[in-house]
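In order, the protein sequences belong to chains F and Z. Taking my numbering, the leading residue of the first sequence gets 8, the next gets one more, and so forth. Taking my numbering, the leading residue of the second sequence gets 20, the next gets one more, and so forth.
Quick look at which bits of chain Z chain F covers, simulated, 3 or more residues with Cβ under 8 Å:
#, stretch
1, 33-42
2, 47-60
3, 72-86
Capping the alpha-carbon separation at 20 Å, the derived lysine to any residue pairs in SDA-like fashion look like this:
#, chain 1, residue 1, chain 2, residue 2
4, Z, Lys52, Z, Asp63
5, Z, Lys80, F, Arg262
6, Z, Lys27, Z, Leu79
7, F, Lys263, F, Pro253
8, F, Lys49, Z, Phe51
9, Z, Lys80, F, Thr216
10, Z, Lys52, F, Gln47
11, F, Lys291, F, Pro75
12, F, Lys289, F, Arg233
13, F, Lys128, F, Ile81
14, F, Lys219, Z, Asn35
15, Z, Lys52, Z, Tyr34
16, Z, Lys80, F, Thr254
17, F, Lys219, Z, Gln38
18, F, Lys263, Z, Leu78
19, F, Lys49, Z, Trp61
Worth flagging that the hints you see were computed from the coordinates, not collected in a lab. Ideal placement from N, C-alpha and C gives every residue a C-beta, glycine not left out.
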Amino acid sequence: MGLEYVRISPGFEKYMPRDYVDLVKYGPFGKQVDVMQMGQFKELVEEHPMCAGCYMAYFIRVFYAALPNPEDTIVLGTAGCARLALSQAAVPFIYGNYGDTNAVASGLKRALSIRFPDKVKDVVVIAGDGGLIDIGFGMTMHSWFRREKFTTIMVDNEVYGNTGGQESGMSPKGIQLKMAPLGKKFDKINAVELAKTAGCVYVARISPTNPKRIAKTIRRAILAARHFGPTFIHAYTSCNIEYSIPTREVLADARKREKQDFKFYEWMTDEVKEFFEELERKEKQEVKK
Amino acid sequence: MYFVADVKENECAKYNCKQCVLFCPEPNCLNFKSSTNSAWVWYDRCKGCEICVYVCSDLLKRHCIEMVMVTPKATAKS
Ligand SMILES: Cc1ncc(C[n+]2csc(CCOP(=O)(O)OP(=O)(O)O)c2C)c(N)n1
Ligand code: SF4
Ligand code: SF4
Ligand code: SF4
Chain F
8 MGLEYVRISP GFEKYMPRDY VDLVKYGPFG KQVDVMQMGQ FKELVEEHPM
58 CAGCYMAYFI RVFYAALPNP EDTIVLGTAG CARLALSQAA VPFIYGNYGD
108 TNAVASGLKR ALSIRFPDKV KDVVVIAGDG GLIDIGFGMT MHSWFRREKF
158 TTIMVDNEVY GNTGGQESGM SPKGIQLKMA PLGKKFDKIN AVELAKTAGC
208 VYVARISPTN PKRIAKTIRR AILAARHFGP TFIHAYTSCN IEYSIPTREV
258 LADARKREKQ DFKFYEWMTD EVKEFFEELE RKEKQEVKK
Chain Z
20 MYFVADVKEN ECAKYNCKQC VLFCPEPNCL NFKSSTNSAW VWYDRCKGCE
70 ICVYVCSDLL KRHCIEMVMV TPKATAKS
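Just need the whole structure built from these sequences, with the hints factored in.
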């Protein structure tokens with residue numbers, strides 16, 4: 008990996024698809040793009056089959072624009088809607104068996120640190136609420152107990168969207184879904200508190216209403232995982248299909264939920280806090296120069 | 020025929036704004052051109068969700084985006 012895998016061999020430029028050439032010329036490889044410049048550079052993720060107005064797709068779009076080191080990142084996903092877009096990006100993607108993502112990511116991260124001891128390689132899991140907190144619960148928890156150094160992002164649409172609307176541990180109490188018509192009898196699982204208890208060093212909860220904040224959260228989660236231990240982001244990413252949200256109202260819904268149960272929340276250990284304070288101090292000095 | 024967003028570029032250019040571009044779920048679909056100071060839609064990539072219309076009309080009251088029906092032939096030119 009590294010920038011070498013992106014470069015077009017001399018003489019082949021005119022045979023490469025336009026999207027690829029654009030990516031090399033105008034994409035974010037080897038430079039730090041600002042998420043607020045989206046729509047003005049060639050994004051890493053391409054067209055994909057996620058539904059119209061899907062805010063999980065939006066979150067993934069911002070995720071790829073926010074990666075601090077795309078040329079040395081590996082993304083892991085699994086069955087569920089997210090992988091439909093994750094697999095369409097110019098970043099290596101591994102499809103873990105449903106429920107296995109955090110076990111695969113553990114092995115991968117360890118192998119990369121042995122194989123490339125002098126390089127930074129970021130590993131990020133992005134999977135649904137079903138994949139991480141229901142069927143993958145054991146693997147997710149144990150990767151945190153073992154303090155594995157990678158980032159886990161749960162794109163929580165509060166349902167099994169990809170299989171037509173079964174209830175998940177993250178569905179809100181009382182909700183009736185197409186394949187769970189009796190209504191959910193239990194509370195939504197408190198994933199953020201579980202992550203803190205299980206050993207994550209950086210934890211955040213976010214609703215996708217502010218791209219700058221999403222990007223900052225993703226960047227922090229990835230940088231903290233590089234140096235200190237497991238990190239976790241719980242993102243609300245609505246499923247307009249299963250929750251029957253008119254697509255024009257999807258952002259309004261994200262804003263509404265932010266005021267209710269998805270208020271932005273960020274927690275980190277003292278060690279991580281000091282690290283970011285130091286880093287941000289240095290970045291400010293750079294800007295002044 | 021399908022339903023896509025279309026930016027009234029002359030209207031949009033009056034504002035210094037990129038807000039809709041930052042909230043479209045699709046990558047490189049709703050873009051910004053600094054030479055005209057305006058947003059524009061790559062029709063082939065648009066799924067017609069109208070989130071951009073919510074941003075421009077409902078939130079910002081600028082009304083610079085309308086939804087239009089296009090034929091595949093018309094989109095091929097973009
Ligand atoms: C071991 C295993 N069990 C069940 C499935 C079937 N399956 C595919 S996607 C899915 C649900 C996905 O729900 P979630 O993880 O919440 O993601 P979403 O589609 O909602 O984003 C299930 C049960 C599978 N692929 N593998
Ligand atoms: S089913 Fe729901 S979560 Fe899946 S792509 Fe469609 S809107 Fe998004
Ligand atoms: S209608 Fe939806 S997909 Fe099309 S440009 Fe607007 S926000 Fe993007
Ligand atoms: S929100 Fe409206 S005014 Fe702002 S960039 Fe988009 S189309 Fe132009």
